[in-house]
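Peer 1: Protein sequences, first through last, are from chains A and B. If you're matching positions, the first sequence starts at 208 in my numbering and goes up one per residue. If you're matching positions, the second sequence starts at 101 in my numbering and goes up one per residue.
For the record, the hints were derived by calculation from the structure and aren't laboratory data. This one's a predicted model, so the numbers in the text were calculated from it and none came from an experiment. Some clues are possibly wrong.
[Stated by the list, open to error] Under 8 angstroms between C-beta atoms, here's a sample of chain B residues computed to sit facing chain A:
#, residue
1, LEU125
2, TYR278
3, ILE283
4, ASP286
5, TYR288
[Claimed, not checked] The list that follows gives simulated cross-link-like pairs (lysine-lysine, PhoX-like), each with its CA atoms no further than 20 angstroms apart:
#, chain 1, residue 1, chain 2, residue 2
6, A, LYS577, A, LYS565
7, A, LYS415, A, LYS569
8, A, LYS407, A, LYS577
9, A, LYS316, B, LYS389
10, A, LYS446, A, LYS394
11, B, LYS256, A, LYS679
Beta carbons: idealized from backbone N, C-alpha and C, even for Gly.
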Amino acid sequence: MDLRRLVGLCCLVLLAACASKDGPRPVPGSTYWIGQPTQGKDTELFLKIFTNPTECAAAFDNDTVPECEPQVDRATGEVRLSFQTLDKSTMTPYPLPLEQDQVQVAQNKRPIKEGARSGYQLGQHGERRWGQLFILLIDGSGSMYDNHNEQITKVYRALLNPSVMDSFFPKDVQTGVILLRFTSTVKGLDGGAPVVIENKRQYQQMVKSYLMSNERGFTHLYDAIDYAINPLMEEKNVKDWLAIHKAEPTIVALTDGFNNEAGGDVCSDNAPRLQRLLEDVEVARSQPLGLRPTIFTVGIGRPINPGFDEVPRGRVSPRALCGRFQNEIINGYLERMGIDNVSLKWIAKRGGGTSFAKRNPKGLAEVFEKAAAVRYSWYTVHYKVDPFYHRQKFETRIRLTAFANAEASVDIYPSGWLDAPTGQRGDGQRWAAESSMRQTFALGMPLLGGLVLIAFFGPASFNARRAVFRRKHGSAPGTAPPPSAPSSEQS
Amino acid sequence: MNIYLVPYNWTRHVIVAIAASTGALLIWWIFLHVRVWLGPTLYSWGILYSRGAEGPLFLGLVSGAIAFSSILAEHSLRRTGLLRRVAYSMLAGLIAMLWTVITFLILEGIIHLFASDKMVDIVTDPSLASHRHHLWMWLSAGFGSGLGPLVLRRGKGIFTHLGGGFTAAGAGAALWQYLGYNIFQDLYLASVLAVFLWGFLHGLLCWGVPDALYAGWIRVLSPYRYGYRIPVDRVDGAPAERFIGHFPRGLDLFLPVDIGVAELHTSFVKDGAGHYTVRGLSQQPTLVKRPLERIDIRYDASRPAPLETELNSEDMVIMSDGDHEAVVEFIMLPKEER
């Protein structure tokens, strides 16, 4: 075997040993590597994390690639990942109206929270309108009409807010609204059977004519929600409307107090009732994605337990629901102290939506707009942690906390040796942008220039110094011309 | 790089350092571009190195580049033939790189072997940026960067090469950690300045331009024969002595009596060890002048031998008869220069 062949063979062996076609792939613009994403267990949606420009270009178009491809910067501890929700059965995009608080990002199982050295931001891309049937459950109990209709007036003003109406009836997609009032029974706003309203004019007429009419009674909130997710969905006109328009039901339950079914009810009485409702909600939410209702809950007033944040797992207990108010009467006492934000949050959490507590028409309008939110076909997650956590491999997990169960994680591997040019943060920008490799010239050229300068300065200074200090020295010879040098001189 | 452009001053101490740090800097730049700029394309072709190969490749290439630059600089100064120059440099680079890659893998194996069960996943993670666990790799790479040139220089300067390489890489590793962890929080500036320092210190510590590449010259500074110069060295490198006086025959450098030079005034000597000295052979004033120092070496008849003093480049020797004086200087110039 001649030398050339041997060298060629060695090169091939080395190349084969090094090649990494199936391993983690390089993150563009950095020295990081990124692995293949893995899906969480028992998910309803496929959460696709984009790991390279080719995937981005295939899913969207080439223009989105710079925004879609992953980006990592060690100096700032920032990571940007893009994801898309897909229908698991068809693997087609399934847009969702996700908000920042509905997506949880965790690095090495630690959720990212806002802090001095950490932060998180969700970016929404590819706006899509989606058929929706809004079912508004409005509390018709007496307290809504107290103080000269104070609470119901807030609802009235919010519902007739132009931006709310625009959200309920967008131009580019068919949506419907069912306005219901609940006390011990659930009826249409006009006192009749539920009707699907399909245009603004009809909606305005219904709100203006019937919302302020008084029908006193107790607050059967849980029964009303149960009605909205079960019997109402089975009513022919509703079922047909959903099927024809391929729309999804979105329930917005609005109350100013507690679930209260009799005058002597204490808070702990609500625990088994809420448990029953949550079980029904779970059954309703187990339907295929396009048919399952999403439940938003809105409390008008001050939360009775403002510190309540995390919904406990497992069954509802009186202690978890009421805390120190377990044996307190609701009617005339607890309901005057505030709204039952705990059960509202519990219902929204299990219902795939969000719970809100608002005290003015503007806040209520925002809630309605959120419930009618546009959907987005893909999202970017920007987050930052202390750069210390970028000194070894880490796992980034993205999980939806609303609408559907979806979760995916991806391993990110920093280089253990060197980095690409540090990202730059523009004026007013929260996140650093990738720096061009041209910046390496800005670093390398001065260094190389410095070396050349030193190499030049050595002989230059030597020559300059000699030119100044090594001129002719000593006295001139006498008047007689000096003899010429002898020819025998050695040199 | 050319010996003509390396005067016999501080430049000759740093010129190899400049070459080695330039080599390190360029290989860092190329490696980063291949990884960041070409990386995704090479990956799609299936020819990008794997994640675990990054450490040995990076250190191996830097070590090889430094060894390559050091030998290339030497042979450029020695004006060796181009083919031989490149071949020697590549051989040095290859030895350094192979040593680094092999020892890297061995050290990784050792770390894996001695790590506790809890720590093994962390310390063997190729993404771990840790001075504590990478220091050994840096040091062995530094050792390799000294070993390559040492082999090519046939084992001359074992301590300076291996110790120098070791120290240089150790300093580079320390800077890498300090900048990457304490100052910049990333390994961009840390890596470039680390390899730069490694190359520079390697050049300073391992091999300097030897005096053998220079020859001593006597150069006239007096108006008469101003600029005229003669070499002290013989062509064959043997010890030599050059005489200056106004004796008309047989002297190496004639200077007339009119400017104060005696018949046989001084001699310049190069001994077998390569040291240069000047001897005063006349009772007329003879002064060696250098910054902050004046040495009178006129001949003392009561002493058995003439006075002499060691010479440094650019020392001036002033010969006088009391009324007039002749000035010559001793200067080291590249041997190639004639």
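Peer 1: Against each hint, give a clear statement of whether it holds in the structure.
Peer 2: Cross-check of the supplied hints:
| no. | hint | in the structure |
| --- | --- | --- |
| 1 | LEU125 | 6 angstroms, holds |
| 2 | TYR278 | 14 angstroms, violated |
| 3 | ILE283 | 10 angstroms, violated |
| 4 | ASP286 | 4 angstroms, holds |
| 5 | TYR288 | 4 angstroms, holds |
| 6 | A:LYS577 <-> A:LYS565 | 13 angstroms, holds |
| 7 | A:LYS415 <-> A:LYS569 | 18 angstroms, holds |
| 8 | A:LYS407 <-> A:LYS577 | 18 angstroms, holds |
| 9 | A:LYS316 <-> B:LYS389 | 76 angstroms, violated |
| 10 | A:LYS446 <-> A:LYS394 | 17 angstroms, holds |
| 11 | B:LYS256 <-> A:LYS679 | 43 angstroms, violated |
Comparing the model with each earlier hint shows violations of hints 2, 3, 9 and 11; every other hint is respected.
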